[in-house]
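Colleague: What follows is each chain in one-letter form.
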Amino acid sequence: MPADPYFKKTSTRKMLGECPKMRKRISLYSLTFSLPLFIWQVVFFVFPLAFLVALSFWTVKNFRMQPDFDTINWVTMYGRSIFWQSYGLTFAMAAAASVITSILAFPCSFAIAFKLGPKARQLAIFMMVIPFFTSYLVRVYSWQIFLSDNGIINGFLALVGLEKIAMLNTVFATMIGYLTLCFPLVVLLQLFSLMFIDRTLIEAAHNLRCGRLRTVFEVVIPSARVGLVIAALFCFILSFGDFVSPIYLGGGDPTTLSILITDTTKSGQQWPRAAVIALTMIGTLLAVAFAAIRFAYKGREQ
Amino acid sequence: MQSEPLVTFNGVIKKFGAFVAVQKLDLEIHKGEFLAIMGSSGCGKTTTLRMLAGLDAPTEGEIRLSGKPINDLPTWQRDTPMVWQSLALFPFLNVIENVEFALKMRGVGAKERRTRAENWLERMQISEFATRNIAQLSGGQRQRVALARSLVVEPEILLLDEPLSALDAHLKVRMQSVLQGLQRELGITFVYVTHSQSEAFSMADRVVIMSKGIVEQVGTAQEIYRAPKTRFVAEFLGSSNIFSGKSDGNGMLATPVGKFRLPQDGTSPQKGRSTTMVVLDTRSHLSVEEPGSEFDFVHAKIIGEEFTGATATIYLEAEDGSELRVQKDHDTLAALPIDVGQPLYVSWRPNETHLVSDA
Chain S
2 MPADPYFKKT
12 STRKMLGECP
22 KMRKRISLYS
32 LTFSLPLFIW
42 QVVFFVFPLA
52 FLVALSFWTV
62 KNFRMQPDFD
72 TINWVTMYGR
82 SIFWQSYGLT
92 FAMAAAASVI
102 TSILAFPCSF
112 AIAFKLGPKA
122 RQLAIFMMVI
132 PFFTSYLVRV
142 YSWQIFLSDN
152 GIINGFLALV
162 GLEKIAMLNT
172 VFATMIGYLT
182 LCFPLVVLLQ
192 LFSLMFIDRT
202 LIEAAHNLRC
212 GRLRTVFEVV
222 IPSARVGLVI
232 AALFCFILSF
242 GDFVSPIYLG
252 GGDPTTLSIL
262 ITDTTKSGQQ
272 WPRAAVIALT
282 MIGTLLAVAF
292 AAIRFAYKGR
302 EQ
Chain Z
13 MQSEPLVTFN
23 GVIKKFGAFV
33 AVQKLDLEIH
43 KGEFLAIMGS
53 SGCGKTTTLR
63 MLAGLDAPTE
73 GEIRLSGKPI
83 NDLPTWQRDT
93 PMVWQSLALF
103 PFLNVIENVE
113 FALKMRGVGA
123 KERRTRAENW
133 LERMQISEFA
143 TRNIAQLSGG
153 QRQRVALARS
163 LVVEPEILLL
173 DEPLSALDAH
183 LKVRMQSVLQ
193 GLQRELGITF
203 VYVTHSQSEA
213 FSMADRVVIM
223 SKGIVEQVGT
233 AQEIYRAPKT
243 RFVAEFLGSS
253 NIFSGKSDGN
263 GMLATPVGKF
273 RLPQDGTSPQ
283 KGRSTTMVVL
293 DTRSHLSVEE
303 PGSEFDFVHA
313 KIIGEEFTGA
323 TATIYLEAED
333 GSELRVQKDH
343 DTLAALPIDV
353 GQPLYVSWRP
363 NETHLVSDA
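If you read the sequences in order, they're chains S and Z. To convert, count from 1 in the first sequence and add 1; that's this note's numbering. To convert, count from 1 in the second sequence and add 12; that's this note's numbering.
Think of the hints as simulated: they come from the structure by calculation, not from any bench. Hints should not be assumed to be uniformly reliable.
[To be verified] Simulated DEER-style distance windows between Cβ atoms:
#, chain 1, residue 1, chain 2, residue 2, range
1, Z, Gln97, S, Phe173, 48 to 58 Å
2, S, Asp264, Z, Pro86, 32 to 42 Å
3, S, Phe296, Z, Lys36, 29 to 39 Å
4, S, Ala292, Z, Gln97, 33 to 43 Å
On a predicted model such as this, the values are computed, not experimentally measured, just so you know. A virtual CB, placed ideally from N, CA and C, is assigned to each residue, including glycine.
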């Protein structure tokens, strides 16, 4: 059969010539590995987000939600001064928490990274992980014992003859709560960026007449900038959405957005309005995260 | 040479725990000289440099700079800029900011800083890269930035820790001439640490050879090459034939490969004393016939050959397995049967040998 080998030849040639098909196959191959992540994103992020967006256009009549397409919730919420007050306050408190936590955490992570030996450093890292063993709620409750009017701190003050200080149900207490939430994580994130700094850079700075403290600002912080910014960003994200500290330590006053959400859902089944608040928060966090990452990598791109 | 040395190491010892990195170092570095400290890794050369820079503190002894003891002076109060092997350029600053760094630390005003940094960029021929990131530069360009960064403060002394080791061979030679030119023009002292013989010998006025924390020899390239003082130096340079044996007290050295005349320099070792004698490979000869009585010789077989430009080095093995080497020009070698396994006589004139210490 002479036709057979000829046919075979052309078919081989055809196969080799079909580049698009090959490319398709390769992309399918890589897709196999990115598929789980893709599915995860769709199921747990895109789908709920889409639902939240849809929900924000629903209406509530006689304490019952019904699917709708009405901008009334957006108009109502954005028209209320309490919403914008609470928004500004939550933003400011989260920003303050990330600055304060970063500043307080830095000496700690700096000491662990540069002053401790390898053994002591391991122990310190372990100690920074321990707080995660206990529920955040439990840790916040224990702060109440310290901060309340008849708590440990005021008891101590009374013992030395000083007046009581009202600490519980203040912004100060909320900040303590944010610190409790973020401090160990911020230290760990800062630590890992500090540990990867090339030590010869520090020596070089010293050698070029840069004193010890100045080297921290001129070399250590710029070198670790990406890690430091990301640590602060995590603190902002966690504090911005936190409900536990503002309610159990701050006493719900002033009202943060997280408290506003619960209040809104409780008052007349206003889930659509709560969705508006939640979407505003997500939008804000996306914008802040984007800006922070841009700032962290500024001047690094090649 | 000069009356007052710029740097003096006075019995300097450096220990890291139980490990002694530098053992009782006495060394003087003169003003305006190009000094190379050479040795294999772990010999203490980098530690010596770091102690001078103030990055490591001596365990014992004293280091003086311009006559003043600097042991307790932190590195940021010394004017001893260093160029690192990794260059240690700041990746978060661009080229000109890197060069300006030391000036900024000294409180030089922004305008003057910029002018002085620009001058140095021009001098190093890297002006066009002033606003580039360090990551965007080639190895040679980074080298120039590192030099400019250290030299912009016009120091009296510059410390260099194997700065060329990361460059390819071609670039290395070019940077060598840049370094040498700079040192001549500026007239400042360079202390250059390297493991490379060719770098040390081609650039330095004086070379210090270290081994296991001890200075083996100090001298010009010529002095060290012609007359290595110790067995270590002779072996490290790898350009001599080394014979070890016992002196018979009558000016002869008994070795496993024969009895040779010792050099007549008035330092004839006592009878029975272990003695090591060396003769340069360029002063050794090859012949098929037994050489005349004016020569001492060893019978050996060729084991290999290496071309080094105008000359070639023939490697031979003596009867006891020790290796010998002879360097000759190609014309001389053409007249000889150079084949692996060929037996030949390796000979030398007794007055061209000299003794080295065994330490």
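Colleague: Now tell me, hint by hint, if it's right for this structure.
Modeller: Outcome of the hint check:
Roughly 51 Å separates the CB atoms of Gln97 of chain Z and Phe173 of chain S, a value that falls within the hinted 48 to 58 Å. With their beta carbons about 59 Å apart, Asp264 of chain S and Pro86 of chain Z fall outside the hinted range of 32 to 42 Å. Taking 29 to 39 Å as the suggested C-beta distance range, the pair Phe296 of chain S and Lys36 of chain Z does not conform, at roughly 54 Å. For the pair Ala292 of chain S and Gln97 of chain Z, the supplied restraint of 33 to 43 Å holds, since their beta-carbon distance comes to about 39 Å.
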